[in-house]
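**Q** Sequence:
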Amino acid sequence: MANGPSLSTVTRSLSLLDVLHANQFEGKSFDPETLEETEENFYRGAPPEWLNFHISEQAELDGTGSPFIKRDGYVKLMKQIHKLRKHPGISTVKLFHQPGCGGTTLAMKVLWDFKKTLRSAVLTGSTSDITKVAEEVVHLFTAGSQGNQKTVLLLVNGVHVLEDLQVSIMRTIANPKIVTRMPVVVLLSCIREDADLKSDDVFLQEVLSDSEKNHFNDKKAELNRKYGDKCKRFHGFNIMQSNFSEAYIQAACSVFKTIKETGIQEKTQLAAFLSLLNAYVPDSYLLEAQCLDVFKHANYSHRDISLEDMLDDFSHLIITIQQDGSEKRVLMAHPLIAHCCTELMAEARVTRSDTAKNLLTCLCRDKVPRYLAAFVKYMLTKRRPKQKEKGREENPIHPTEMQEEKDSFSRLILHIQTKEDNSQCVSLLGMATNMFVRNPFFPQALARFHCIVLRDYDQAEVWAKEAKQRDPQNSFVADTLGQVHKNRLKNLRRPAQPGHILDLALKAIRAFEDEERLAEDEVGTNVKINGYFHVSRFFNSRGMFGFLQVCNLVYDLLVSQNPTWRGVLTKKVSLGSALPSLGDHSLLRFNDPINRLRDAVEKKIAFFDGFLTYSKPDMKQDDPEYISRETSACYRKYVGDSTSSHLKEKGADLIQKLKLKQAGTTTGVLSCLDRECTESDLKEITTLWEEICLHKDPVTAMVNNIFAHIMLRNTGATKSDCKHLTAFKQEMYPILTDKPEPHMLALLLHWPTDSEDTCILDLSAMIKRTQDLYKQAYANHFRTRYLRPMFFLGKGQELNRIVHRKVLEGSVLQAMQDWSDEKIFQDPSVKEHLLKVRGEIREYRLFATVEGKEIEVVANLRNSLWRKRKVSFYLGFTIKGPVAFAIQTETADKKELLSEMDSSKPWPCGLFKFGACGDEMDARDFTELKPEVNRVDEVQTYSLQSDAGNYECSVSGLRWVCKEKVSFKYKFLSWEEHMRSPVCKDYIPAGPLMDITVTSGEIEEVHLPHSVCIDQTSTFSGQFAVLHVDPCCDVVEEVPKVTLSHITFLQPTFPPRGVMIRKMAGIPFYYDVLIYKTNKEFLALDVYVVPRDSALRQEVEEKQKSSGSILILNPSPDKSMQMGEHLSLTTDKADAIIQPSSRKLRYESIFFEVLIRNTDSDFTLRLQSGDSLDLYHS
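Residues in the sequence shown are numbered from 0 upward in steps of one, following numbering that gives the first Met the number 0.
Since the hints were made in silico from the structure, they are not lab data.
Distance condition first, Cα-Cα at most 27 Å in a straight line; then the derived DSSO-like pairs of lysine-lysine:
#1 Lys69 to Lys212
#2 Lys602 to Lys489
#3 Lys619 to Lys82
Label pairs and their computed distance ranges (CB to CB):
#4 Ser1105 to Ser65: 36 to 44 Å
#5 Arg979 to Gly1123: 17 to 25 Å
#6 Arg844 to Thr126: 23 to 31 Å
#7 Thr33 to Pro66: 19 to 27 Å
#8 Thr126 to Val74: 27 to 35 Å
#9 Tyr226 to Val166: 47 to 55 Å
#10 Asn799 to Leu587: 52 to 60 Å
#11 Ser210 to Lys1118: 50 to 58 Å
#12 Ala173 to Gly124: 18 to 26 Å
#13 Val367 to Val461: 19 to 27 Å
#14 Pro31 to Gly157: 34 to 42 Å
Don't be surprised by glycine CBs; every beta carbon is placed ideally from N, CA and C.
Model the full assembly from the supplied sequences, consistent with the hints where possible.
**A** Written out as structure tokens, the structure is:
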């Protein structure tokens, strides 16, 4: 093993991860007061610390306490993580929870219980530098050396960084070409939400199950015995134990009901501040020093009295925590207490707005700490996502939220609006705006409130401009001004004067065009948000969409007044010539803006054509339907129903006819099936593009004509003659263009199959060129959006082999949005359309094998690239080039496997090893060691130690490989209990169940013995599995490597494990025959047929030894025996009695008793199968 730094040295260098060590706190002593204070704080409501789990664990071991309470989601999480440990690469488990339900505690408990088998850690640092986070995760995975790999279990709060983190981890692994021998990381995402749940997600709510109630009741009795009256202050525990009882919470907060009589004192004020923060800002707090400042004008000096004493009768509701030597933090004991206190304060006429204003006045007058400024910003401006509903349409109030629909305002502002009045919202946001003079988000929220709620567009404009002035380069802030003008236009009193309509429209258009310019400048650069630089993952297209919405409004408002406007807006007629009909010559001042309008609309709709056709927000969801609906409506109004201003050009009339079909561009043609064009429409589109080839831009027209033919054939239309196909393929027109679409078409047409001629194209060069052109044309706008597969390679010839995505989606019954699981490719009707491509994965890259050459292609799911292997897949094509879908391991023929998996080759050399029955060759490679045997309470433990090398235990056949001195012990466990587990119902044991504990050093490989006979014609090797025994559950895992006599694990962890095999007829096992002479007066033999399982053999030996029987030495059978067959034992002694006469072979010891009265001559025992085949004689 390559020498690297120790794990403790590695973890000390990790600044962003809180690493939980396997031996955390072991051998360390603590002051009893520290332990008691830590436990008390936790039950009062403080966030859990690792020490809490240690305290509980020790109390359980000492018999002084019951186990740590685990909510019902614990077992499900443990099982999911166990299952994901056999998945290569990176996996994610999600835990959704409502605040105060124990979600973080449950997640940390899972990490604690995995600390010996995985490298548990919590992401505590900033995620602004996701590359740095990934580097630390990989560093923890390898622990500084390739030979020290162990899967990381990483707790991540929230869900937004997961995708970027996975991509970054894979890049970090791939760059130095680290060879991973196990999963790199399982991400446990802890999310304070309850939306978008899937069946495999865990969700903790404010309700306990019956079993949870029992556990909490038992723990309450235990705590009462230990802490007495102190338990009354354990609000964090008591709220959950009472099943989140409203009555308990009201009683705990009853001190707030006396506020009317006592007035607002300093202690009340501080409790109100903390309640408001904790009710509306997750994980918020105040530093103790700030809390003490609240009392600085009181009659007593805070230097002589503790904060707890100052708080007096409020103190039981408030906790103080201190982590890692940082400043003390003060917070409410539970979010529900914070909510209740805030409500009780409001009932006492101390309103939310009053408390928020007092907080700003008291704590934010001078220099505001960064953490508090962030809490205030969250409290006043953070808008939560709305619950998604089926059939939900565009938000009528604020329709430009194109990624996800959110509440109109923060929860606090919404509550003030409903429980107080609008003026208090304005007053509070105005106060924050004036106090935080550089923050753009407070005036932005104020502008939105004036616009959406009050419809005071003058004030909304003032504050939108103020927000923009504070952060003039932020396109998202600039969007608010455009929305203000657009909403003013939308809500104009009807009828409005055309001049007034156009004035407002031009204001909105200028604002949105400015936003668009800022968005373009943000591309590929750092975006400054609230004084900090961030890289925007999304291109802000709201400016362009807002522009089109304004154009829709202008068209509807003007045309409804006078149809003449239709010709003016679409440039059929000039504004000047239409003035007599419009009746207002002052409108001529709008001539230039109106002349530019149609072309601008066409350009922006062309953007959305590509944006929506080629990409979608992510793998799992599509863009909201209203985007395409509004853009299509705008297109029809301004472009589709009008005559082009360039009609004099040759072929312009044909282009206009195509525009009527929304097929005047390549993206328009490619979106035909998404728009559900009819067969007749597509025939017309095909014909029009063919005619245009004769007039202008022959390459583009030729490309569009061929694409139109492809679309037509994908509707199931009869084969049409594509006249330009041969010319396009032979003349290599793509090299004459700088657009990716012709290159995508060239790849589709030239990608060779077995039935076609040799490819004349340099596919690798063409793919590279396509990717480069994609970057130039689209990458800046698409960014992290998922690129839709446009086409797939099918089984036909030429154009018939090109299968459009919609054909596949139409083949499955359910609507297809999610490409992250690739389940669509399991459907037989989808498979029959597509052609399999073969290739190889190595060094985390995928190569398609094409005519003996290797062509690198992208994988749709990067998690498929972790293992080096031969693969097959379906080939899709995005606007960026070819992409592999449904990657599967190829099954090589048996001879090739035998060659590749020769037992003399080092690991890893293949999937399985085959050979003749027996294991002589392997046995010579391992040095046999005899273990030291110890017995404690009828349990035998076997201890071994060795230097570096390859070894085998003489008792069990267990093998291990180590590169340094190692010591370990093991014991046998019974299969009986575990075989009743549902996860084992399809399996039978195939070897001993062993509990191994390494006491020093590190084992590189462990080889668990099995007793199945595998030969060169065996079909059983793929049926093995391993039972992994965990305190919470049993888990069945795939086997990493099968040899003739063992299952091999690299870099193993050591939960109890045993080899199993799937139940099926005819499995051949090796058995031993043990013959014992008993102490009876006549000759009595006990004959056992025992699987070659040391644990079962040990049971027989113990039993016979206790009765004084003597083992008769005899050779083992040289033939395997089939599980389930009937065995009979016979002898050539005529007077012998054998009971029973036959037994069915199972994976346990079977017993025959032989009684012989006359022993004056030799005799033979013969073991036969049901078909009289001799298996053994002695």
